[in-house]
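Student: Work the whole structure out from these sequences, hints included.
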Amino acid sequence: MSEAANVPESKPAPAKKKPDAGPEFLVSAAPHLSDSVTTRGIMFEVILAMLPLFVVALYMYRLNALILTVATVVGCLVAEAVANWMRGRSQASLADGSAIVTGMILAFSLPASINPYMAFIGGAVAIALAKAVFGGLGNNLFNPAMVGRAFLMICFPAAMVAFTPTAPMKVDLEARGVDAVTCATPLYQAAKYAEYVKKAAVDEANAEKYRRQANEIRAEMPGQWQLFVGNVGGCVGETSALAALIGGLFLVIRRVADWRQPVGVLAGVIAFAVIAKLVGGEGIQNPLYYLNSGALMFGAFFIATDYVGAPLTARGRWIFGVCVGVLVMLIRLFGAYPEGFMFAILIMNALTPLIERWTVAEPFGGHASA
Amino acid sequence: MADENGSNLRQFKEGVLSNNPVLVQLLGMCPVLAVTNSVENALVMGMAATFVVVMSNLITSALRHHIKPHVRILIFTLTIATFVTIADLTLKAYMYQVSKQLGAFVPLIIVNCMIICRAEVVAIKNGVGRSLADAFGIGIGFTLALLILGVVREWLGSGTLTIPGLEPFHVMPAAFTENGHNWVIMILPPGAFLTLGVVVAISNQIRARHAKGGAA
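Just so you know, the protein sequences line up as chains A and B, in that order. According to this note's numbering, the first sequence is numbered sequentially starting from 1. According to this note's numbering, the second sequence is numbered sequentially starting from 1.
Keep in mind the hints are simulated off the structure, nothing from the lab. Computed from a predicted structure; not experimentally measured. Each residue gets a CB set at the ideal place from its N, CA and C atoms; glycine is no exception. Hints should not be assumed to be uniformly reliable.
[Claimed, not checked] Quick partial rundown of chain B residues pointing at chain A, CB under 10 Å, derived from the structure: (1) I163; (2) P164; (3) G165; (4) N182; (5) W183; (6) M186; (7) L188; (8) P190; (9) G191; (10) L194; (11) V199; (12) S203.
[To be verified] If you anchor each label on the Cβ, the simulated ranges turn out as follows: (13) B:A174 - A:I47: 51 to 59 Å; (14) B:A81 - A:A361: 54 to 62 Å; (15) A:V161 - B:V198: 26 to 34 Å; (16) B:V199 - A:G135: 35 to 43 Å; (17) A:V161 - B:P189: 16 to 24 Å; (18) A:G135 - B:S18: 50 to 58 Å; (19) B:Q205 - A:R62: 35 to 43 Å; (20) B:P190 - A:I246: 49 to 57 Å.
Tutor: This is the structure in structure tokens:
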């Protein structure tokens with residue numbers, strides 16, 4: 001995978017040959033081996049893998065999903081073009097698809113009801129402040145899409161947590177005569193449920209009331225199947241674990257993404273959730289619930305596998321993945337936010353250089369000793 | 001004397017533009033980042049700093065033949081502290097609300113490296129006229145940079161522009177803040193860093209173009 005990231009975007013122009021100058025010797029820097037994999041090809045496959053998510057998003061949120069995706073992608077491309085212009089570079093990087101991938105990932109991690117102009121700003125910030133200022137593709141410290149999302153989260157806190165019911169849910173709600181504008185995410189419900197269960201256990205005088213509230217939330221919570229296909233409140237493209245799994249498996253089988261990070265993330269989440277369930281008891285959901293809700297599946301396959309922000313070494317990728325999984329669960333169960341994928345990725349991005357230094361592979365034959 | 005005046009003018013211009021303390025030298029970042037969340041705060045902070053740098057340059061330059069080199073830093077600091085105290089008490093007396101918002105950042109002008117830098121680099125070596133021209137240039141350059149940050153941050157963050165002594169001026173329609181379209185991040189610390197970065201990038205870009213144009 002690392003070789004793929006190192007492939008230059010465009011082949012260096014062949015040196016001008018003087019006629020009759022005899023054989024020419026070229027001295028060039030490593031890597032000397034290269035294959036036909038290009039940035040553009042990789043990005044195209046990632047976009048292809050995101051299509052199932054996009055289809056589900058279109059089904060769940062209809063036109064909103066399309067408008068949001070267009071807004072973020074345009075934002076990313078505009079920022080990329082401006083950055084290229086400011087740095088006096090060619091506009092070739094517009095065509096390599098990396099800005100489009102960033103835009104799509106960002107769009108998929110936004111609530112459907114957010115104003116398109118905010119989505120546009122998020123896309124522009126993602127590319128301008130997280131990628132271009134560090135020197136463009138391959139040089140960014142943090143995942144651009146997640147930086148864009150973090151920016152929007154601080155910038156428009158109200159809009160970023162206003163989740164709307166999906167189209168099928170709306171039909172269902174209308175049939176029941178409920179006119180719902182907002183909709184809780186499964187993780188928000190889980191957090192609230194845990195809170196009430198805890199309160200009921202602590203506050204004996206009002207235990208009855210808290211227990212009733214907890215049960216009300218319990219009744220509203222989606223079933224496993226509903227969670228798995230994604231017919232729940234949440235961000236545009238993250239709700240469907242099934243679609244993320246299809247796209248993710250495609251990436252892993254095509255070797256575009258390393259399997260270590262997604263497996264590590266899922267393992268970290270399952271391990272943490274099982275332990276929490278055993279220790280924490282009633283307020284904690286079934287581990288599968290945590291696996292299928294929020295941005296987890298989408299993030300494990302599409303965000304944690306970003307080449308640039310994750311370590312290059314195999315052991316490092318394991319550590320990266322497991323730590324992301326554990327951090328996600330830590331934030332979900334103990335943090336102020338119901339979902340923590342964005343923060344987990346950003347924190348681990350910051351630790352990536354350390355992990356890499358820690359897991360440098362031993363050279364064949366051992367280190368040269370002094 | 002004509003030459004002297006010319007060089008004074010150049011010294012002044014340098015302070016405002018090519019040697020701007022905030023955008024070029026990146027000195028005195030603490031108040032730049034901390035108090036530019038509104039135009040009013042930025043303007044008052046800029047004027048207070050200008051007052052201090054002018055007075056400190058004036059005194060240091062006038063006494064430059066009497067200051068022993070090994071105690072000069074002490075003298076600078078005492079001079080600056082005196083005028084910072086004057087500025088602080090004046091603000092407290094006449095602009096109490098603003099002074100409360102600026103909080104510790106007015107007293108902190110004492111340790112603003114931009115001001116001690118002017119005393120060390122210019123005032124201790126040059127005559128009063130040149131030192132004053134330099135101080136005004138640096139002070140106004142500082143104030144302008146703060147104003148740019150203040151305008152951007154307040155405009156995007158609150159949708160208003162507050163000018164000292166007047167009602168806040170609503171630049172954006174009321175729906176901007178009511179519907180949560182205002183960029184909350186801009187009035188928070190991250191907004192200061194981001195805005196400063198972008199403004200410095202733009203100023204570098206302009207200076208690079210300018211330098212290229214001059215060379216060609």
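Student: A separate judgement is required for each hint: does it hold in the structure or not?
Tutor: Status of the hints after comparison with the structure:
1. I163: 25 Å, violated
2. P164: 27 Å, violated
3. G165: 31 Å, violated
4. N182: 8 Å, holds
5. W183: With a minimum Cβ separation of about 5 Å from chain A (threshold 10 Å), the hint on B:W183 holds.
6. M186: This interface hint holds because 8 Å falls under the 10 Å limit.
7. L188: 7 Å, holds
8. P190: 7 Å, holds
9. G191: With a closest approach of 8 Å, the B:G191 hint holds.
10. L194: 7 Å, holds
11. V199: 13 Å, violated
12. S203: 12 Å, violated
13. B:A174 - A:I47: 51 to 59 Å: For A:I47 against B:A174, whose Cβ atoms are near 41 Å apart, the range 51 to 59 Å is violated.
14. B:A81 - A:A361: 54 to 62 Å: Because 58 Å falls inside the window, the suggested range holds.
15. A:V161 - B:V198: 26 to 34 Å: 27 Å, holds
16. B:V199 - A:G135: 35 to 43 Å: 20 Å, violated
17. A:V161 - B:P189: 16 to 24 Å: Holds - the Cβ-Cβ distance for A:V161 and B:P189, about 22 Å, lies within 16 to 24 Å.
18. A:G135 - B:S18: 50 to 58 Å: Violated: the Cβ-Cβ distance is about 27 Å, outside 50 to 58 Å.
19. B:Q205 - A:R62: 35 to 43 Å: Between B:Q205 and A:R62, where Cβ atoms are some 42 Å apart, the hint holds.
20. B:P190 - A:I246: 49 to 57 Å: 37 Å, violated
Checked against the numbered hints above, the structure violates hints 1, 2, 3, 11, 12, 13, 16, 18, 20; every other hint is satisfied.
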